[in-house]
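Counting from 1, position 33 in the sequence shown corresponds to residue 35 in this note's numbering; the numbering is continuous, with no gaps.
Wrong hints could be hidden among the right ones.
SDA-like mimics (lysine to any residue), calculated; alpha carbons at most 25 Å apart, straight line [said to hold, decoys possible]:
hint, residue 1, residue 2
1, K91, F63
2, K110, W153
3, K91, G151
4, K110, E186
5, K158, F125
6, K110, A179
7, K91, N76
8, K158, A55
9, K91, S130
10, K91, V60
11, K59, G149
12, K110, P176
13, K158, E192
14, K110, T154
15, K110, F132
Honestly, the hints are just simulated from the structure, not real lab data.
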Amino acid sequence: MARPWLNVLAQVAPVPLGLLLSGALVWGATNADWSGTSSNSGNKWTSSALGLANDSKVPMFDVDDMHPGDTGSNCIRIASNADFPTALKLFSNSPNWPSNFQSFINLKIDVGSGGISGNCNGFTPHTSAFDGTLDQFVALYTDFRTGLGPWTLPGKPPNSLSFRFAWQFSPRAPDSAQSTDTNEVTFTWEAREHE
Numbered sequence: 003m004a005r006p007w008l009n010v011l012a013q014v015a016p017v018p019l020g021l022l023l024s025g026a027l028v029w030g031a032t033n034a035d036w037s038g039t040s041s042n043s044g045n046k047w048t049s050s051a052l053g054l055a056n057d058s059k060v061p062m063f064d065v066d067d068m069h070p071g072d073t074g075s076n077c078i079r080i081a082s083n084a085d086f087p088t089a090l091k092l093f094s095n096s097p098n099w100p101s102n103f104q105s106f107i108n109l110k111i112d113v114g115s116g117g118i119s120g121n122c123n124g125f126t127p128h129t130s131a132f133d134g135t136l137d138q139f140v141a142l143y144t145d146f147r148t149g150l151g152p153w154t155l156p157g158k159p160p161n162s163l164s165f166r167f168a169w170q171f172s173p174r175a176p177d178s179a180q181s182t183d184t185n186e187v188t189f190t191w192e193a194r195e196h197e
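Using the sequences and the accompanying hints, generate a full structural model.
Printed below as a string of C-alpha cells:
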C-alpha cells in the first residue's frame, strides 16, 4: 500500500532543491576573482597645417604709359605657418597670350631676405631665380612640378622668404609695341612638405 506522505514529499522536494541550486549559482557569480584596472585617457590625433601668406594687398605691378628702357621693381614676402620643413616653388598659371608683346618685358627675380611689399629697402638677395622675359616665365613655369625652386622653408622662425621682381621695358621694343598691354599675370607660390 502506497504511503501518501511519500507522494507529497516527491512533489514538494523539487521546489526547495531548485531554489537552493539557483542561489548557489548566484553566490558563485558574485564571488568572482579579484581584479584591477589601469587606464590611459585623453588620447587624440591632430593633423598639422600648411598655409602660405604674402604681405601684399594689391598687385605688385600696375604700370601705365611705359616707354622703351623704363624699369621698376617690387618686393613681396612669402611666409609659411607650417611647423615642419616645406619646399616652396614659384610659377604662373596665367593663360597663354595671343601676342608677343610680353617678350619685350624683361624680368629678373631674386630670392632673399628683408624687404616688404611696396618697399625693397633692406632686401638682401641670396640667389637669382629667373632672368628672362615675361612670356618665357609664363610659358615655362606653369605648376608646382615645373615651377622655379624649390627653396626650403625650415618650419621655424624665420619661416619666410622675400622675392624681388625687377622689370625693364626693352629698349629695343618696336613701334608695334605702342598702346599695347599684357594680359593679367598671376604669380603663384606653393609649398609642400619637404621629402
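Please name the hints from earlier in the document that this structure breaks, with their numbers sorted from lowest to highest. Going through the list in order, the structure violates no hint and respects every one.
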